[in-house]
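Undergrad: Below, each chain spelled out in residue letters.
Protein chains: 2
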Amino acid sequence: MVARVEPLMTTPAEIPQPSPVLFFETINAYQRTQALKAAIELDIFTAIDEGEVTPRALAKRCRASERGMRTLADYLVVIGFLTKKEDQYSLTPDSTVFLSRRSPACIASAVKFLASPMLTDNFRDLVAAVRKGGTVSEQTPLAPEHPMWVEFARAMAPLIGPAGEQIAKLLDARSGKTWKVLDIAAGHGLFGIAIAKNNPQAEIVAVDWPNVLQVAKENAQAAGIAGRYRTLPGSAFDVEYGHGYDIVLLTNFLHHFDPPTNEKLLRKVHAALKEGGRVATLEFVPNEDRVSPPVPATFSLMMLGSTPSGDAYTFSELERMFRNAGFRSSELHPLPPTFQQVLISRK
Amino acid sequence: MVARVEPLMTTPAEIPQPSPVLFFETINAYQRTQALKAAIELDIFTAIDEGEVTPRALAKRCRASERGMRTLADYLVVIGFLTKKEDQYSLTPDSTVFLSRRSPACIASAVKFLASPMLTDNFRDLVAAVRKGGTVSEQTPLAPEHPMWVEFARAMAPLIGPAGEQIAKLLDARSGKTWKVLDIAAGHGLFGIAIAKNNPQAEIVAVDWPNVLQVAKENAQAAGIAGRYRTLPGSAFDVEYGHGYDIVLLTNFLHHFDPPTNEKLLRKVHAALKEGGRVATLEFVPNEDRVSPPVPATFSLMMLGSTPSGDAYTFSELERMFRNAGFRSSELHPLPPTFQQVLISRK
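Residue numbers (the numbering used here), protein chains in the order written: chain A, 1 to 347; chain B, 348 to 694.
For the record, the hints were derived by calculation from the structure and aren't laboratory data. Because the structure is a prediction, the values reported are computed rather than measured. Take these hints with a grain of salt, some might be off.
Claimed, not checked - To give a feel for the contact side, a few chain A residues facing chain B, derived at Cβ under 10 Å: (1) Pro18; (2) Leu99; (3) Met148; (4) Pro293; (5) Pro294; (6) Leu301; (7) Asp311.
Where is the CB? At the ideal position from N, CA and C, for every residue including glycine.
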């Protein structure tokens, strides 16, 4: 997997040791978040993609000052989102695909969730969260019908959704068998919808808060599979699932809870599955050392800051939860180029 | 200088292209700031230095939950401040020197300035600053007697102060000539004090706001050179410097202003100097491309967010300001391991 961690903007070989550079870059790292957010809000990436490549042209196009634009664009070069030659900027391959609104794979909308004060303010008193061992926010995102999840469903679909096709493929949805699929905490609904698109014999039952299911229903409609899409509004812990499911989708859900809570849920999932039925669990799965690869490993702090007792679980922790809930086996699959993995567990 | 920029925590070779990893790591980068700040406030680095190396021992020592401590310490491993073997953490060489309070070179106090809402809140609406071409904060740090500068003088001395010894050496303070030294915007006063300590024939005149000069006077007293330390309270632009100076220190000052304002100040400095007198200007000096090395290049955004029209100036821009103000020559000197450079300009 990831063999080596590279936390610096400056390459270590260039810095005499000891050096305060890592300290200075890290304590100012919040500016990277804000610079990327500002660049997306000003739509700089699309502007460059459309040929506005100098500070002056960008300033005019994005209704900003030339000085401000030059400074921001230079900063985006340093942190890896643009390149610069003379006074002209270019998109990197990643920025072309993910940050220009001309690209069908554009994920720019995700800033509306990931950089929203609703989420980021959880980290303003991280000392208190570390002392407590969980979020100190009174408005936890796990509260019924929290508006955060509507924003999540709308903003994060382009970033998270593409894994849906990969999961459908892993499950062999194209085999075209008659499937009853339960999509727990469906959010934007794209995981269930991907299965329905790949398998015309699949029927999807989506569980989530009523306000969120509205987004999933819109997406099912747009995908032309609304006739095979049913919703079950309510908490995944309380709602009656029914039974005889071939597939259960459990995407980005377990990390919000502690292991006993997850095992309780998994027993309920187990009961709803047919014999031989499968669960696809999409998660941030760090290695057993908990400090690699960087994205899943750092996701543990995201959960510490924003949930009462969630975490990024290792494979062995996830496998144990499934085993304790009665599942026969669990296998982990990477989903490149995403930073997540999927666990396929069998009843 | 810096040959290559390395913005990722994950090494590029490990990520299939295109990948959303850089986007995700960057949009969450604010958590790096908060994690480092929390670690310093909980005094984790000192605790590890004193042998408390497991999550449990650290939790007990720092009065935190074991779960919160494990998550934070793992995060500090990923971003490069700790190493981990089994469930035991160790300090890196940098953390030992700069973040353990047992170290005389500890710079931990700098978070009180660099991560204070007073500074970081300037970046909460970066779009507005880019549109305007300067800070949108109403309470600009350039206002008379802004309390920010007292905090700066106290908190930043350990991070910024060590350059004082290097500047004293560059100026050959040990030659022991009778020197009259003007320290403009003296702050903590450590640059003038370093010269006074190296040259018993040097007299220092420190200019700053009265509330800040209080800190400089304390430091001069502690260094045993108070008898050769005089203060001139007021704005560097308005106060009467006197004349016949051998040396003028202009440290971390020019980046707050635009070039015409700086040239006006430099003409005043020029008039106060003896013929052949020198100015030592400590600055963040990016290369002419403005996108390297990372620390000075990104400092331009710090100024965009927090000042009306300041910037990180390149050598050619600084040299031009000094030339326009009547100086004969300017030379740039790196100050490793700091991330700053010093310009020595001669009348």
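Undergrad: Now tell me, hint by hint, if it's right for this structure.
TA: Okay, the hints, checked on the actual structure:
no.: 1; hint: Pro18; verdict: holds, 4 Å
no.: 2; hint: Leu99; verdict: holds, 7 Å
no.: 3; hint: Met148; verdict: violated, 16 Å
no.: 4; hint: Pro293; verdict: holds, 6 Å
no.: 5; hint: Pro294; verdict: holds, 4 Å
no.: 6; hint: Leu301; verdict: holds, 5 Å
no.: 7; hint: Asp311; verdict: holds, 7 Å
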